[in-house]
Structures are given as structure tokens and as C-alpha cells.
Amino acid sequence: MAYVQLQGVSKAFDDVTVIPALDLEIADTEFVVLVGPSGCGKTTTLRMIAGLEAASGGVIKIGERAVTDLRPGLRNCAMVFQNYALYPHMTVADNIGYGMKVRRMPKEEIAGRIAEAARILGLEPYLDRRPKQLSGGQRQRVAIGRAIVRQPDVFLFDEPLSNLDAKLRIEMRTEIKNLHRRLNSTMVYVTHDQVEAMTMADRVVVMNEGRIEQAADPITLYERPANTFVAAFIGAPSMNFVPATVIAKGEGLALRLDDGSELGIPRERWDRYGAHKDRPVTFGLRPEHNAGGAEGEAVITMTARAIEPLGPHTLLIGEAAGRGYTAQVDSHFPAAPDQQVPISLDMTKMHVFDPENGRAL
Amino acid sequence: MMKRPLVFGLCLFWALVTLFPLYWTFVTSLKPPTAVNGGPTYIPYVDFMPTLQAYIDAFSGIRGDFINPFINSALIAVSATALSVTFGTMAAYALVRFEFRIRLGSGLIFAAVAIGGFLLFNETFGFSRAQAMGLAFLAALPACLIANRLPLPGPVLGNKDVLFWFVSQRMFPPIVTAFALFLLYSEIGKEGFKLLDSYLGMVLCYTAFSIPIVVWLMRDFLATLPVEIEEAALVDDVPRMRIFFEIVVPMARPGLIATSLITLAFIWNEFLFSLLLTTSNWQTLPILLAGQNSYRGDEWWAISVAAMFGIAPMIVVAMLLAKLMRSGLTLGGIR
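Heads up: the protein sequence lines correspond to chains A and B, in order.
The numbers in this note's numbering rise by one with no breaks, and the one at position 344 of the first sequence is 344.
The numbers in this note's numbering rise by one with no breaks, and the one at position 9 of the second sequence is 1009.
No incorrect hints appear here.
No more than 20 Å apart at the CA atoms, straight line, and that leaves these computed lysine to any residue pairs for SDA-like: (1) A:349 with A:289; (2) A:61 with B:1234; (3) A:101 with B:1231; (4) A:107 with B:1246; (5) B:1160 with A:13; (6) A:101 with B:1234; (7) A:101 with B:1249; (8) A:101 with B:1245; (9) A:132 with B:1224; (10) A:101 with B:1246; (11) A:132 with B:1246; (12) A:132 with B:1227; (13) A:101 with B:1240; (14) A:132 with B:1249; (15) B:1160 with A:14; (16) A:132 with B:1254.
Sample of chain B residues with no beta-carbon within 12 Å of chain A, all distances over it, derived: (17) 1003; (18) 1049; (19) 1065; (20) 1103; (21) 1151; (22) 1157; (23) 1196; (24) 1199; (25) 1204; (26) 1261; (27) 1281; (28) 1291.
Everything labelled a hint here was simulated from the structure, so no lab data went into it.
No residue lacks a Cβ here, since even glycine has one placed at the ideal position from N, Cα and C.
Assemble the whole structure, with the sequences as input and the hints as a guide.
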């Protein structure tokens, strides 16, 4: 078991830099999820840790060892791939045991480890089957079994659940999380699904265009996103962003939106935003921090274009203050398409970003 | 619905067209001389009384030795196929999975050192031609390998160019190389290493000429295999060679069988090299067949027997391998 350290690791394909110098430390036994839109460099980062992709610069350490120039086999990582990558001509038992056989481990120990992995993953009835005869979930379990018996320093998962159907994905999510608790080992997990990232990770690393936008535990990411990218990426439906100006109002501060409506800023934030008085900012508020009706202190008028009842609550999708706006309201809130409705905002949950560089203020 | 019988009818018709020469050869081999010379006869027992006389003649050796060329052909074809499929598949795998960068300059240096070295060793130092050739090659190989590491000017060739180079070996007519090969073999023979009319010489020659086809066919096939399976093995510290033999080769089985079949048929049928490079000891079946009608005139029943010797093994092999291939196709990758 070991920590993973990336110091100034970069990657360029010919002349195209996909990852500028990147620093990341993953603590021992930590479950870190790399998440971001496709092409953000998360898979490349994982493959550089595994050694399947050579780093163009920087140092990668696993434990105390600098592994930057080691071939993949010597890094003592185990990797689980999106499309399972099982050996099609081998049985489940042979798939799990192949690496150990190549490393000339004693037969009894191989058999013991296969049995142990099969027990943990519930694969005992399938040990003599070929991958072709298994369902997607079972195949991915075999791939995980192959990783477990390696007893690696680090587990690497490359979108392992993306090929599974929604129900199975939720089951496997819990299973991998339990596995992490049980094996108590370092895991790096890549996904583009922010729900997967939030639910599984000790720490989520949000990546965009090869850079780390923010690395923090799920609740911090949700409550205190470092910039508009993270704010928009984490949480579903996505956060609303409205241009606004910080103005003085009475003895405190308020936000004035483009449509003239003024929203009072809570007292505890006055110090924080005081320096930005009379400057343009981007006001952000998550859909779930809205309520239907004009009962609150901060109220805006929203034109609902689409109404999506989800059961526990209903989403109103439309415009407010000239921008696209989504509000989560009570299921029984009366609204019809193209109707103007009052929405109360919970300003204690507000976010303010610099409109120039998107950073949280 | 109206289409199906029509398509079936056309297929049937075409099957008859392709099968008829086979049938014709087979029935002719059973005919007595009178049934051949007296105009066309088609159906045994109706048009003529079939006889095994032509086969008995063939085995008794009246019309030349069939057994030795048959064994020669089989030995040479099987060995050369095994070698070319093994090495060709390895080359194809390398072209699919590794990136090669070859400077055109280093290729030119190879040519210059090889030709210049040959002249130098042969004319100035007085080595024999074969010795000069060997020495020049030994000098040219390290020279171009070192040159490739230097920042030479000129274009850098990639995998596509290497593949094209392989395939280009089969673009010109074989006769172009056949004479050069004959001279090469006879020069090496003068040094006491017999390649003309020998098992080794024929196997080497056919291996060299089959490898381009194997590389070309197997490259396309190997490119379809999912790379993640090999990456999983790499992460698991499986050496490349074991990945190739224990993971890639089993996954590539259908492609390997199809490629082997094509290569085997090519070598089995090959005429020109055998004609030039063999005389008596290692003569192959096609040469014998071609010589049949000059032996005792147009004795079609006997020629048909000889042709049957040539055709039958290929049909058996094709059926066996096709069966293997079908069972292999159901394996495939796991997506």
C-alpha cells in the first residue's frame, strides 16, 4: 500500500500538449476519483500512473519509488478497464490467475488467491466459464478479481462501470466502495460521471483541459466550488449563472441583476464581497436552492419554458433576468409552460464568481 | 420473397461452373484411354466403364516418380508456411503495436555500404563474391542502425512506409528476383553451402516470398484486436513475448488459419522458383505436372491422375482449416 505523487507531470502528443505540468498527491489508502468531461486528460493521467503512457516531463512516485521510467509491470499497479479486457480464450479462474502463473508463484498460493477473490466477488459458480458466457457485471467482477490477486500498491480504474446498465452501475458502485474499505488500499478511479465521482470518492479531482480545477472532498466541491467550471460540473441539474453587480443597499450589500431586480446579500457575506462593490460579478445558485412562490426575502420572476415533474420535486426550466435558469420547486407548485412565476432564492447558498476568470470570490 | 429462389438458382449455377473442372479432372482420371480418345464422355458407368488403371500406373512409377515430388512439395510447403506465418505475424504485430521511425538516409546508407562494400571486398581485397556479399551485409547492417540514430536530413518513414515496403516486395513479377536468387544461390553454393536444389534453399526462398502476404493480411487482422487486453497483461508484468504467444496468438486464431491456408496454397502451387532453383532431388509437384504431357504425349487420363495428386491435399487441408476457423471465430474479443 502506498501513496502516489505526480510532480510536474506533463504529456504532449507530438506538438500538442494535452496535459501541462500537473501536480497531484494521492495519500495512502485514499480513494481518489478523477472526473471531467471527455478529453480533459483524466484517462491520460491514469495511464501515465500505470505506465501505459510515457510522461513527457515530471516525476511520478508510487510509495517511495520514482517509477517515471519503469515499465508498467514493475510499478505494482493493477488496472481495471472500461471494456473489461479479459483474456477471451481463458476461463475465469485462468483469467484471474494468469498474472500469478507468469510470475511463477506456487500453485497452491495461486489457487488460494483465486478462491479468495472469487469469494469476495461472488464469482465461485463461474470459475470454469469463459468471459463470453458471463454478463457485463460478472465480467467486470472478473477484471476486478484479476486486480485484487495482484495485491497491488495502487488500484487504477478506467471508467469501469461505463459499459454497464444503470441499475448494475449503482450496485457495482457500492461494491467497489466496499472493496476499498475491505482492502484498505489506494485507489485511483477515472469517470466522466459526476454522480459516480461524488458517491465513491474520498477526494474528487475535477479536471478540465489537462488542468486540475479543484481537488477536494465531495461536500466541499458542492458547497464551495473554486470556480464556475467546477460549480457547473458538480451537481445535477447544473448551477445557474446570472450576471450581476454588487451594490450597496442600506447598511449592507445586494446584487442587482440585469432585469433590475435586487437580491439582498446575507449579513455574514458582507465582509467577503465588500471589496467588489460596484463591480460586475457572476451570481451562481443551484436549482435546488430555489423555491416556488414569493414568500422568501429574495424573489425573482422566472419564465418557465419546460416543466419536468420528477416525483419528489419538479424542475422549472426557462429564463430569468435574461439568462437560462432552472429552479427546483415543490411538486404541486402551480406553473404552466410560458408562464411567469415568482421564485424565492435561498441567498445563504449563493455563490459569486469573478466574470473574468471564473474564480470564486 | 421472389428474390430468394433466383439468388439460390444463380448460386447453384455458379457452384456448378466452379465445380465442373474438378469433376472433369476426377472422372477423366477414371477413364480408360478409349473413353478419352473417342470424343467427350461425361458420366461413369453410363458413358464409359471407370477403371483405376491410371492410378495403378501412377503408383507403379511408369509415368515418373510421383511420390518424391509429392513429399518434397508437402515438406517445403508446410515448413515455409510455418516459418513465414510465424515471422510474418510477429512483424505484423510489431507494426500494429509499436511505432517505428526510420530515416530514409539510413536506408540509403545501407544500400551504399552494401554495394560499395561488396565491390571493395570483391575487387580490392579479392574475396569471393559470396564472401564479399556476406561481409558487406555485416558492415551495412550496423552502419544503417547507427545512422538511424543520427539526426540525418531527409524524410522520416513510419509504420505505413514499412508496410508498403513489405507489400512492394510482391508488386513486381517474381521473375525479376528469380534470376538474382538463382545467381545468389549458385554463388553461395560455390562456397560449399548448397542451396540450389535443396530443402533449405526452397524453404528460405518461399518463406521470404510469403512473408509480405502474411504481414499484410495479419496486420489488418491484429489491428482489430482490442489493445486493452494486452495492456492489462502489461500492467500485470507479463513479458511481451508471452503476451504475443499466449494472448495475441490465441485471439488471432481465425486470422492465422486463414493466412496459413492462403500461404500454403500459394507455395503448393508455386512454379517459377521451383523450376529455376530445383533440378531433381527437391523438385516439387507443379514441375512434375507441367512435364506430364511431354512424357508420353497427351494421355489425359494419366495427367488427370497427376492433377488429382496436386488438388486433393489442398481440398483436405482447406476443409480441415475451415472447420478450425469456424470454431475460432466464435471466440473473438470480449466487448
